[in-house]
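Number of protein chains: 4
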Amino acid sequence: MSIKIVIAGPRGRMGSEAVSMVLEEPSFSLIGCVDRIVSPISIMEENHIPVFTSFEECLYTLPDVDVLIDLTVAESGFNHIMMALEHKVRCVVGTTGFTSQQLNDIQDTAVKNQTGCIVAPNFAIGAVLMMHFSKVAAKFFPDVEIIEKHHAQKIDAPSGTALKTVEMIKEVRKSRDQGHIYELETMIGARGATDDGVHIHSVRLPGHVAHQEVIFGGDGQTLTIKHDSINRKSFMEGIKLSVKQVMQLNDYVYGLDNILDLT
Amino acid sequence: MSIKIVIAGPRGRMGSEAVSMVLEEPSFSLIGCVDRIVSPISIMEENHIPVFTSFEECLYTLPDVDVLIDLTVAESGFNHIMMALEHKVRCVVGTTGFTSQQLNDIQDTAVKNQTGCIVAPNFAIGAVLMMHFSKVAAKFFPDVEIIEKHHAQKIDAPSGTALKTVEMIKEVRKSRDQGHIYELETMIGARGATDDGVHIHSVRLPGHVAHQEVIFGGDGQTLTIKHDSINRKSFMEGIKLSVKQVMQLNDYVYGLDNILDLT
Amino acid sequence: MSIKIVIAGPRGRMGSEAVSMVLEEPSFSLIGCVDRIVSPISIMEENHIPVFTSFEECLYTLPDVDVLIDLTVAESGFNHIMMALEHKVRCVVGTTGFTSQQLNDIQDTAVKNQTGCIVAPNFAIGAVLMMHFSKVAAKFFPDVEIIEKHHAQKIDAPSGTALKTVEMIKEVRKSRDQGHIYELETMIGARGATDDGVHIHSVRLPGHVAHQEVIFGGDGQTLTIKHDSINRKSFMEGIKLSVKQVMQLNDYVYGLDNILDLT
Amino acid sequence: MSIKIVIAGPRGRMGSEAVSMVLEEPSFSLIGCVDRIVSPISIMEENHIPVFTSFEECLYTLPDVDVLIDLTVAESGFNHIMMALEHKVRCVVGTTGFTSQQLNDIQDTAVKNQTGCIVAPNFAIGAVLMMHFSKVAAKFFPDVEIIEKHHAQKIDAPSGTALKTVEMIKEVRKSRDQGHIYELETMIGARGATDDGVHIHSVRLPGHVAHQEVIFGGDGQTLTIKHDSINRKSFMEGIKLSVKQVMQLNDYVYGLDNILDLT
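Chains as they are written, first to last, in UniProt numbering: chain X, 1 to 263; chain L, 1 to 263; chain F, 1 to 263; chain V, 1 to 263.
To be clear, the hints were calculated from the coordinates, so they are not data collected in a lab.
Not one of these hints is a red herring.
Note that the list lumps identical chains together, so a pair holds whenever it fits in one copy or between two copies.
Calculated pairs, BS3-like style, for lysine-lysine (alpha carbon to alpha carbon, straight line, at most 27 Å):
| id | residue 1 | residue 2 |
| --- | --- | --- |
| 1 | K154 | K174 |
| 2 | K4 | K244 |
| 3 | K244 | K139 |
| 4 | K226 | K154 |
The following block holds chain X by itself, in its conformation from the complex (with noise of 0.2 Å):
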């Protein structure tokens, strides 16, 4: 028995790479989606699923449905995980956006419904296992660097997965400052931005698409863990191993890191 799946928003970025997933995935079938405007999408029409412009529409003439994967906006986001789990269908959730008060709404009632929900800011596994690895690391090695890499149309400076990367490591790592005692910027900013001792370095250039390096110092060694994204289908491994989880769940999970076997 193949997993019955909505997809909600199936227009974007995300969305059009998780229709293409699902269709070729064996164990899933795709039986509709939701989408925000009334326009045809062609390899919807090529495969014959139907497109609802409600969820409560979708959910009443798709009574049957497994698991909603939800890749819109927070607003319409929320409204489609509320019903959906009151309706007992279990969720992934890649939509971001969402207040605390929104995450324990959902967290309430995916506990109250039984209804197993994931809700996940980054589903590239990759990313996800360089940041635990580098939780990791830092128990050992205090001294670390974080060089990421973006194409040059990025406009914040560092990155968020950077971002989030040093409050993993500031988990397990007691505060120090690194480098020379005396060191000495003849260039303004040549050491990078410094959060609690780390340094970051932010690198933009055409050519690059989302990569990032953790560099970890010891006496006569270096260890590096290195995430390199070139494209949106670094997403789906994520997604598809969601769903295949959430089947197992009863109640809400948050972090993809949370439904991954790390040790």
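Here the structure of chain X is known, so what remains is to put chains L, F and V in place on it, guided by the hints.
Relative to the frame of chain X, chains L, F and V by itself:
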């Protein structure tokens, strides 16, 4: 109170680094060495540390040794360790080449005497983490290749660390072929060595010391775990940690990974 | 005055990128395309660019073409180029698979008609620089190994770029064996493929596209030249440069390296 | 006939490596050293090589010196070199810190005496090639960032090599800003130091020695030139080559790049 340490094999490449490390670490106290020959070692003379050619004599002269660090060869090392454990002297062992029978005997003696003993084939924490992380990552990324790089005078290829890494990966990864089903080597050896579908590539060049990267590939992403070692100082942090841990131990542990908190 | 361009092969993977590039470059003007079949191409219709199924008809209809960019296959490409040169239309050729005789004929025709023609097997400037720099470095570092990494669906190993790089290195490097004189492969293939003592290692993993690093080793140092290509856009800069250069040319040039100022 | 060499500064870190190199090279003969103090150097005694505290005395005692290798400090080095050139002894100079006036005087004296003299601030051929290749690549890839990594005890950032690399790149690259026009550093320093739009990032970690990578980005591709140096042996190949080249020279050359065949 500092930990009172005897080093066996102070003249070797590992041993001489260990002598420096123990002398520099404030919580350690080097109270003697055991050497195979009678010949002055300047750093011992400078620090007024007695050198014995017999471990028996050493134990007799220094009755309050806390930890023996053995960095010799299998034959004499085995004798040192057995005698130390019988005298309830804890052991940290970097000596290699023991038979399974010898390792069993060491374990039995440690347990019988309720005396901590750590035997580790590799004290480079970075290398141990690289292997552990590779095993975890292989659960999610079955496509993996290893590139190891060593100095041009290394005789064997692949390196022992590469072989050990593959063994650990195989514990969690189903056997599978990688690459194109009709893959064609137009030059023999281009795709490297293969064990259970994992490809291993050995680079030998002057300017390298000991390096390994384990590359995991998935749709749209790669995850790389890399360790670079440029001298034997890289082993000292692991020995230091083991000495501290063995003081809390009353039995036998094999492998540095079994004393590290890898969660 | 913009350069008036016709593209042959606008539907292919290289050709469709070239169409976008020419449309975006202010100093270029796309005045027509030559396609093998009669079938609408939306970007052509949107930009009101005529598509011809015969280059002869194209030349007849558009008498003032400055440059033909040919990205087809050897058979039709040869006919296009010969006809273009006879009509004093300059050519930039990315089509591959020509025989030596065909290349000779193209060269003779270009020279006879005093019409610029650039034929290049690789328009990725980064790859061309990597190969050139490798040739220069090999004069000083005879110990060299190549690691090339491609996606898991590439059939042949080593890659064409790796083979070409070795050819260029061999022009300046004396034949020699590398590594330990008694080197021992305990697993067949570990040391990679070997050409004249240069070792080549081919990695094939999902998540890779097309990557190569050339590593030179000397006492205490290594020098690495690395090129990473993640899509066909990487060829467009080279085509753009070639179109501008060919306007200054009255004869035949083979290879992008021969129009780049590499001093 | 071997080349008869005198080394000034045999006790220093570069000098002691140079002594070993000259002793090992079959075509070289070490006939004397000039040291600032009277104190035995074991390798000199073992090889029966006279050590002088005055270069004048050295020249008087050893009238047939071919080449002086000077690895001292600016003040004494200047005196050695001027005296050597006046006596038509060729010079290879790794000493740094000369004033422009001193360099001019050295040049004039070399030319006047028609005696070869090579002065180079960096004898690591790999580093010199990295800088040269970077200058060439910058003609085609104006978007470039530099990451340099050094041991944690280096005081200044960026490194001298990084600054020199930017200077060379600026000779061929038009000034331009890189990255997004509205780029936002949410943490100060994340984007590194900037010179004329070229970003420089300095990593300082134990386990590193001296490393630099210059990354050029273009549409769909990156080109990386990387140099890793792990000890002073990396300078010896450049000194060896310079000694051989200076024998063919009758005037003054500044910079290793000016004696290397970089075509």
